[in-house]
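Using the hints, build the complex out of the two chains.
Spelled out, the chains give:
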Amino acid sequence: MTEPCTRIQACLADYLEQNLEPSECAEVAAHLAVCEVCRQEYRRLEQVLHLLQQWAPTVPTDALWQAIQAKLPRSSASPHRWGYALIGSAAAILTLIAIWQWGQPKPPPPITTQFRAEPFYRAHFDWAPHSEAVNLHLSLASGGL
Amino acid sequence: MYGLTDSELIERACEGEERAFEALFQRYHASVYHLLLGMLNNHDDAQELAQEVFLRVYQELPRLQVRHSLGAWLRRTATNLAIDKLRRNKRVRFESLEAPMRTDDEEVEWQIEDPNSDVMAAVESRELSEAVQNALSQLGEMHRAVVILHYIEGVPLEEIAETLGIPVGTVKSRLARARLALRELLKDFLDVEGENE
Numbered sequence: 058m059t060e061p062c063t064r065i066q067a068c069l070a071d072y073l074e075q076n077l078e079p080s081e082c083a084e085v086a087a088h089l090a091v092c093e094v095c096r097q098e099y100r101r102l103e104q105v106l107h108l109l110q111q112w113a114p115t116v117p118t119d120a121l122w123q124a125i126q127a128k129l130p131r132s133s134a135s136p137h138r139w140g141y142a143l144i145g146s147a148a149a150i151l152t153l154i155a156i157w158q159w160g161q162p163k164p165p166p167p168i169t170t171q172f173r174a175e176p177f178y179r180a181h182f183d184w185a186p187h188s189e190a191v192n193l194h195l196s197l198a199s200g201g202l
Numbered sequence: 009m010y011g012l013t014d015s016e017l018i019e020r021a022c023e024g025e026e027r028a029f030e031a032l033f034q035r036y037h038a039s040v041y042h043l044l045l046g047m048l049n050n051h052d053d054a055q056e057l058a059q060e061v062f063l064r065v066y067q068e069l070p071r072l073q074v075r076h077s078l079g080a081w082l083r084r085t086a087t088n089l090a091i092d093k094l095r096r097n098k099r100v101r102f103e104s105l106e107a108p109m110r111t112d113d114e115e116v117e118w119q120i121e122d123p124n125s126d127v128m129a130a131v132e133s134r135e136l137s138e139a140v141q142n143a144l145s146q147l148g149e150m151h152r153a154v155v156i157l158h159y160i161e162g163v164p165l166e167e168i169a170e171t172l173g174i175p176v177g178t179v180k181s182r183l184a185r186a187r188l189a190l191r192e193l194l195k196d197f198l199d200v201e202g203e204n205e
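Protein sequence lines, in the order shown, are assigned to chains A and B.
First residue of the first sequence: 58, per the numbering used here; consecutive thereafter.
First residue of the second sequence: 9, per the numbering used here; consecutive thereafter.
These aren't lab readings, by the way, just hints derived from the structure by calculation.
Note that beta-carbon positions come from the ideal geometry of N, C-alpha and C, so glycine has one too.
Nothing false has been slipped in among the hints.
One side of the interface only, derived from the structure: several residues of chain B facing chain A at Cβ under 8 Å:
hint : residue
1    : Glu-30
2    : Phe-33
3    : Ala-38
4    : Gln-55
5    : Phe-62
6    : Leu-136
7    : Ser-137
8    : Val-140
9    : Tyr-159
10   : Ile-160
11   : Ala-184
12   : Arg-187
13   : Arg-191
14   : Leu-198
15   : Asp-199
Chain B on its own, in the form it takes in the complex (with noise of 0.2 Å):
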């Protein structure tokens, strides 16, 4: 099943074959999943609008097989969706690492390991991986959507301009404009010899 394409997965998930669906869920996910999260930086908003993307999706099968590229579609979907929402709410919460943890039942203070630890590393990374999300949060929605689109998903920037409707100079300017910004909000993080020393 995983070794179809996707034209070969749509045609069988329109038969009704549930799993063929749960295929191109797996192959596509992670990517709307991350676009939603980079864009909405909040992990429950992400889960909602996902769903809502895979069932938009599941909705549309019959006319997408005759579409080339599902990914595309699906970035297009969620990139719209979480600029709706972004404007309906023009509120971003941000989930800080000095915040208690919350957990399922009970709220646990973050614990700091050993430095030598496997656990370190996995805190330095995610709060490297928190430092990302909170500087994506901060730059102007378009802007935050064109990083996204090119630098973590790896769209190439004609299809960026296809996406949002936008001159393809349009995309690089704000790309241009968005890699200052990260780069002064992520200075602490940079390691640039004769800085941060």
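One chain only, chain A, in its complex shape (with noise of 0.2 Å):
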């Protein structure tokens, strides 16, 4: 084989895949014309690439959907809704509690006389505030005693 032929046949690949620039694949043409050689070993390289490219087996894919579809985490199905599921829970019993305290009868009102004895006495006892006198009274009007 000649050097040309050797440098040629380097990339007749490439020239196949149209991955040569302009000049080195008019060159790669030209040399072809002439040499039956590396015109043989194009139409050989060209053909064992198509014999590729047409490989096509068959493929069973029912058999392969099924196989997987059985192992796929049952559903609603994704492992990922487990967690939009559990917020979704948690929101909906917050949602129930409120709910229900909204429905619960009211306490009865404090009583008032605590609340208003208070600044009543502040009021009038300033000068005594903690006395026994006033803390007694406090305590019966909360009924503490």
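Structure (structure tokens):
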């Protein structure tokens, strides 16, 4: 094989895949036009690549999908949904609690004397705000004794 | 559903829509299966690993949303799983045309029909397919990977380099050596003027 043939055959794959610069491409084409040895090499390569590109064995689509589907976490399937489901459940529970509390009877109003008494005595007994008399009265008013 | 982009399907699959995941499967399973079959030369192994690839992609769905190429992710996962398996086995089985064809419950001989019939064409096609598969199986695993990815799956050299973690120059040199080997392995099927006559 001549030196030009070695060089040309080294770039036949790129020539086939149109990866060469225009000038290199023209050089290969010109050589192939006059060299039977390289032309045969070119045809062999072309056929090998054609065989590879045509290779498309049957794919067991249904069996494959069924096998995969059987192994997917069951449903509402996605594991990524568990987080959302958990948050949703928590929100629903909190809402129910809020509704339940809203529907409960209100607690009895506080003993008002306790709140009225203190400012009254604070106002009128500032001279002795913590005297025993005041404390006793406050305790009586709140029902503490 | 099938008109949606990968990103849209991934998003829906993340929300638990199984049909979206099935659409992704339909879009990529043939490519993944061919890649695995080419690498492993065995239908059962290819099917087993194809399942694993798609189950992994299912688990990775939330993280895949940020990726721009699901195809590249699938090819990388399939190639790595196949190479791992080959390294574990160091044994490749080959189903020859000479061997009886096995069906679910019996063995039957291959039958060669009238050369003019469609059946003959199918047999020739199957024979070619097996020859290519056999030739691929005789390449080293890394040469096989670059050939399948580039010539069968049409993956650009740069992506192959990234998938396999090797420089583009190495991909090119492996392709060149693989082409030479394939030319020899498939020479009986090449019809070059002045040869095979």
